[in-house]
Amino acid sequence: MTSTRLSKGGRIDRSKSVRFTFDGKAYSGHPGDTLASALLANGITLFGRSFKYHRPRGVFAAGTDEPNALVTVFSGDVREPNVRATELEIYDGLVTRSQNRFPSLEHDFMAVNQLAGPLFSAGFYYKTFMGPAIGPLRGTRFWMFCEKFIRRAAGLGRAGTAPDPERYERMNAYCDVLVVGSGPAGLIAAEAAASTGARVIIAEERPIAGGSLLASGETIDGRSPAVWAREKAAALASLPNVRFLTRTSVWGYYDGNVLTAVEHVSDFKPNRTKGQPRQRHWVIRTGKTVLATGAFERPIVFPGNDCPGVMLADAVRRFAVEYGVATGNNVTLFTNNDSAYDAARTLSLAGVNIVAIIDVRADVSGTCRDIANVAGAELLLGHAVTGTHAGKTLSSITVQHFNAETGRVSGAPREIKTDCLGVSGGWSPAIHLASQAGGKPEWDEDLQAFLPPEPNQNWVMTGSASGYMDTISVVSDAATKGSAKSRLVLPPVEAPMLDASPAPVFQIEPSAKSQKAFVDFQHDVTADDIRLAYREGFHSVEHLKRYTTLGMATDQGKTSNVPGLAIMADARGISIPQAGTTRFRPPFTPVSLGALAGERYGDLRPHRLTPMHDWHLANSAKTYEAGLWHRPMIYGSHGETVEQAYVREARAVRQSVGIVDVSTLGKIDIQGPDAAELLDRVYTNMFSTLPVGKARYGLMLREDGIAFDDGTTWRLGETQFLMTTTTANAGTVMQHLEYYLDCIWPDLRVHLTSVTDVWAGTAVSGPKSRALLEACVTGTKVDNDTLPFMGIVHGKIDNIPVMICRLSFSGELAYEVYCGAGFGTKVWEALLAAGQPFDVMPYGLEALGTLRIEKGHVTGAEIDGRTSAHDLHLDWMLSKKKPFIGSAMLEREGLTDENRLSLVGLISLDNQSITGGSHIVTDANPREPADSFGHVTAACYSPALGKYIALALVKHGTSMIGNRAFATDLLRGKHCPVEIVSHHMFDPEGSRMHG
Amino acid sequence: MIIKCPYCGPRDVIEFTYQGDATRTRPEPGSADQEAWNRYVFDRTNPSGAHREFWLHGGGCRQHLLVTRDMTTHAISSVAFARDAVKSATGERK
Ligand SMILES: [Zn+2]
Chain S
0 MTSTRLSKGG
10 RIDRSKSVRF
20 TFDGKAYSGH
30 PGDTLASALL
40 ANGITLFGRS
50 FKYHRPRGVF
60 AAGTDEPNAL
70 VTVFSGDVRE
80 PNVRATELEI
90 YDGLVTRSQN
100 RFPSLEHDFM
110 AVNQLAGPLF
120 SAGFYYKTFM
130 GPAIGPLRGT
140 RFWMFCEKFI
150 RRAAGLGRAG
160 TAPDPERYER
170 MNAYCDVLVV
180 GSGPAGLIAA
190 EAAASTGARV
200 IIAEERPIAG
210 GSLLASGETI
220 DGRSPAVWAR
230 EKAAALASLP
240 NVRFLTRTSV
250 WGYYDGNVLT
260 AVEHVSDFKP
270 NRTKGQPRQR
280 HWVIRTGKTV
290 LATGAFERPI
300 VFPGNDCPGV
310 MLADAVRRFA
320 VEYGVATGNN
330 VTLFTNNDSA
340 YDAARTLSLA
350 GVNIVAIIDV
360 RADVSGTCRD
370 IANVAGAELL
380 LGHAVTGTHA
390 GKTLSSITVQ
400 HFNAETGRVS
410 GAPREIKTDC
420 LGVSGGWSPA
430 IHLASQAGGK
440 PEWDEDLQAF
450 LPPEPNQNWV
460 MTGSASGYMD
470 TISVVSDAAT
480 KGSAKSRLVL
490 PPVEAPMLDA
500 SPAPVFQIEP
510 SAKSQKAFVD
520 FQHDVTADDI
530 RLAYREGFHS
540 VEHLKRYTTL
550 GMATDQGKTS
560 NVPGLAIMAD
570 ARGISIPQAG
580 TTRFRPPFTP
590 VSLGALAGER
600 YGDLRPHRLT
610 PMHDWHLANS
620 AKTYEAGLWH
630 RPMIYGSHGE
640 TVEQAYVREA
650 RAVRQSVGIV
660 DVSTLGKIDI
670 QGPDAAELLD
680 RVYTNMFSTL
690 PVGKARYGLM
700 LREDGIAFDD
710 GTTWRLGETQ
720 FLMTTTTANA
730 GTVMQHLEYY
740 LDCIWPDLRV
750 HLTSVTDVWA
760 GTAVSGPKSR
770 ALLEACVTGT
780 KVDNDTLPFM
790 GIVHGKIDNI
800 PVMICRLSFS
810 GELAYEVYCG
820 AGFGTKVWEA
830 LLAAGQPFDV
840 MPYGLEALGT
850 LRIEKGHVTG
860 AEIDGRTSAH
870 DLHLDWMLSK
880 KKPFIGSAML
890 EREGLTDENR
900 LSLVGLISLD
910 NQSITGGSHI
920 VTDANPREPA
930 DSFGHVTAAC
940 YSPALGKYIA
950 LALVKHGTSM
960 IGNRAFATDL
970 LRGKHCPVEI
980 VSHHMFDPEG
990 SRMHG
Chain F
0 MIIKCPYCGP
10 RDVIEFTYQG
20 DATRTRPEPG
30 SADQEAWNRY
40 VFDRTNPSGA
50 HREFWLHGGG
60 CRQHLLVTRD
70 MTTHAISSVA
80 FARDAVKSAT
90 GERK
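Heads up: the protein sequence lines correspond to chains S and F, in order.
If you're matching positions, the first sequence starts at 0 in numbering that gives the first Met the number 0 and goes up one per residue.
If you're matching positions, the second sequence starts at 0 in numbering that gives the first Met the number 0 and goes up one per residue.
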């Protein structure tokens with residue numbers, strides 16, 4: 000193969016040059032070139048090594064169906080593997096490398112795999128790595144041992160490890176008609192749809208419109224088809240109701256006419272405009288879809304077909320017409336259909352020398368004969384290519400007589416010198432998207448191809464994608480499919496009269512001495528592999544695919560699918576439609592993970608900040624994220640550890656007073672005549688008896704009796720309650736209540752409003768909390784008579800209206816002060832000022848956690864979706880006077896099992912910290928931990944007890960109290976002796992809270 | 000999948016939360032029929048074909064909808080406000 004740039008032709012801009020590198024060497028091309036066309040123009044024909052055998056491979060196709068020419072693109076530290084050279088537009092400074100070779104493309108050590116060919120046959124991995132039945136490498140362990148060597152030897156490009164600094168965007172679009180593809184069918188269909196006023200989106204995966212027209216030798220409307228397409232596309236793009244997307248690959252077709260696409264916005268540019276994303280991901284919801292996706296040419300499988308220089312006939316034509324590149328000095332064509340003659344005609348006009356056309360058919364039309372004659376090509380009818388001769392690239396082919404009826408090869412081999420062989424085995428409509436949408440394709444005898452199925456959503460297929468293989472019928476079909484109402488005047492087309500039906504020849508079966516005949520180039524699956532799979536009993540196409548990996552590579556079998564099926568059908572002695580086809584699944588082309596993630600990570604993730612957030616940051620708070628919330632963990636002083644900080648804060652609360660931001664608690668305003676009734680049904684305890692101006696602690700269960708959430712609910716009026724939920728469950732509890740009101744008890748007259756963000760909340764805790772409030776609250780007293788435990792008062796702090804409830808999470812005398820969110824910081828600062836005489840200390844979540852662990856109060860770590868009220872010693876909250884959600888399930892077998900875990904406290908006996916998640920075991924030997932009978936849910940250092948303590952869920956919990964055990968954490972290598980105690984570790988009588 | 004909310008109009012499924020099988024009947028709150036409760040809490044049908052289910056339009060009007068959806072094609076044949084549908088169904092039973 001000797002590829003060169005032709006002296007004229009192509010849509011490249013020859014006045015400018017573009018510099019890029021491939022495997023460290025500098026080359027130049029022109030704007031408009033792909034990496035493949037530019038390298039071919041530079042005489043480079045070896046692009047990579049194959050997957051299993053490391054055979055030299057050249058360019059095979061010219062577009063998205065390319066199986067061989069995959070490269071890795073480097074930009075800075077970021078590498079993108081498996082990019083098709085046939086689609087990669089070159090730009091100044093582009094850095095690319097070939098793949099799957101070691102140490103270099105020219106000299107590859109792994110090419111010895113070729114000698115071991117039989118070892119790598121179908122099912123190789125399954126057979127070889129089952130391993131012996133016994134011994135250290137038994138069963139799949141052998142595979143695990145070998146895997147790291149195999150992974151290096153085989154495989155496609157390596158993914159990068161550096162973070163991707165690029166930006167990706169996500170876009171939602173709506174239209175009446177989405178047209179996929181902008182070849183003749185797409186353009187006409189879009190024009191027809193747009194003429195009726197419909198909102199139209201056209202998505203074209205290539206940089207410019209035109210599809211097959213870009214390499215056509217026909218004439219449309221008196222112009223070259225490429226010019227006609229350019230003008231038509233420009234006219235369409237200028238319409239207000241049309242959006243024309245180029246470099247946009249539609250890759251998925253989902254239910255409800257939702258399609259997904261990736262637009263390459265800037266990754267083909269040397270200098271990107273600031274703020275431009277690399278790629279944009281589109282989710283397009285369309286009324287109707289027009290699939291004008293064209294057709295893929297498929298090869299004929301023959302011995303020696305994988306050497307560089309053997310290509311698809313249409314690819315030879317496209318490189319010549321679109322890029323002005325001759326892929327050989329002496330080109331031969333091998334075909335079973337007329338389209339290769341159209342290619343010959345166009346190639347000859349472009350200045351490419353055609354030596355011979357080898358056709359498996361015994362006879363062809365006069366038009367074909369004329370074309371061969373004009374092109375000066377020898378016409379070998381009833382012949383087939385039966386072998387190739389190649390060093391690094393093709394130098395000659397062997398041809399023999401061939402009977403298309405019997406499939407038999409006969410006669411003496413004849414050698415023809417050629418450096419490029421273009422093969423055409425017919426065309427397969429690109430039905431991938433329709434297949435994804437769920438339709439079963441139907442086999443067409445005439446075209447020897449799978450045609451689109453009956454639509455199961457509102458879509459139509461048109462053009463060669465629906466089996467129209469000549470431009471005249473494509474155009475008239477597309478006008479009707481675009482819109483039945485349009486009255487487009489169709490452009491006149493001048494084209495040679497050719498027949499669309501190929502001879503049903505898919506392979507030239509190799510004789511005993513023949514070279515390998517490849518079906519799937521990317522995964523190195525040969526025709527013999529398929530026959531072997533058949534002999535070993537893998538008959539169904541789905542089994543064939545998985546056993547041989549046929550069609551499972553990044554090209555998803557675009558060229559290999561139908562030939563592979565044909566060979567299997569032949570081996571089984573059945574027809575191709577009887578053998579069936581596999582269903583295509585998304586994505587149609589590879590999609591980068593960055594494009595899928597879009598902006599849903601990093602900076603654009605929503606952040607929830609409390610009204611006092613800025614104050615926290617300004618006062619040395621270390622924060623962490625709890626869900627979307629940012630909450631102070633500790634207020635650290637210089638040189639202090641996290642433990643020292645929370646111990647200092649918790650100690651201050653027990654000794655004097657502290658304040659903590661509790662604005663993140665979920666808050667739901669519940670109003671209506673039946674509000675109390677609703678609460679009685681959703682809480683396990685009674686709320687209808689709660690007097691106005693009082694709060695009550697409540698527990699909710701799920702229908703299955705498992706604990707769901709807890710919190711206090713305040714009765715603000717006869718028909719008005721303020722419910723608080725845990726921070727984490729705020730949304731879920733709201734949804735839970737809404738569900739019951741909408742779907743189960745629609746007769747209840749209750750209205751719910753989420754008011755989480757309306758109120759700022761501060762808890763004031765500690766023996767001096769009442770004194771602190773007395774110093775700043777006006778308009779109400781806060782003494783024990785006016786504000787008893789669980790009482791609510793309204794007053795003012797710093798002239799700001801506040802609502803104060805006396806309740807305690809810390810076990811101390813404590814209050815929660817609520818004010819309008821906008822006044823949060825002002826009230827917070829007023830509380831701090833009032834607390835100065837008592838050395839008030841702000842405290843974070845770590846201290847809050849410490850205080851509650853000491854008291855044995857539960858949170859989400861214990862209400863973990865597995866525990867019951869009984870497990871958490873909350874039975875006292877289960878009302879016997881009324882049914883509630885979950886009450887019917889309380890006695891079910893699973894919940895009354897005596898082996899259930901229940902809540903206990905743990906005290907460290909060796910003065911070491913206990914880690915959260917540790918398992919509770921009895922064995923003192925850390926190397927052989929026995930059965931776990933529980934786990935640690937929360938742990939801390941308790942300043943009140945002067946010990947490391949924890950809460951745990953333990954089997955037979957209560958009866959274990961007083962026993963010793965070990966909290967073992969194999970990940971952190973800890974094995975801590977503990978004593979099991981009651982979960983009420985500090986002030987079990989609650990005297991401090993009521994004081 | 001697009002659900003046509005009777006209040007908000009056609010919206011993408013991303014705005015909705017699946018809220019379960021709508022063909023079940025919750026026993027009366029005080030019912031002691033343990034079998035009925037077990038069926039209600041644990042048994043679900045998975046029909047091939049049309050199925051009634053609740054969806055919460057959390058990203059929109061925050062109302063529960065009663066949706067009839069084909070489990071094999073995801074085609075939605077009807078959407079109504081759950082409250083109205085449940086109310087009229089309960090009315091019929093009474
Ligand atoms: Zn809605």
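It is possible that some hints are incorrect.
As the list claims (entries may be wrong) - Computed cross-link-like contacts, DSSO-like style, restricted to lysine-lysine with a CA-CA straight-line distance of at most 30 Å:
id, chain 1, residue 1, chain 2, residue 2
1, S, 268, S, 24
2, S, 881, F, 3
3, F, 3, S, 439
Honestly, the hints are just simulated from the structure, not real lab data.
Right, here's what the structure says about each hint:
For the hint pairing residue 268 of chain S with residue 24 of chain S, the CA-to-CA distance comes to about 20 Å; that is within 30 Å, so the pair holds. About 39 Å separates the Cα atoms of residue 881 of chain S and residue 3 of chain F, which puts this hinted pair outside 30 Å; it is violated. The straight-line distance between the Cα atoms of residue 3 of chain F and residue 439 of chain S is roughly 28 Å, inside the 30 Å bound, and the hint therefore holds.
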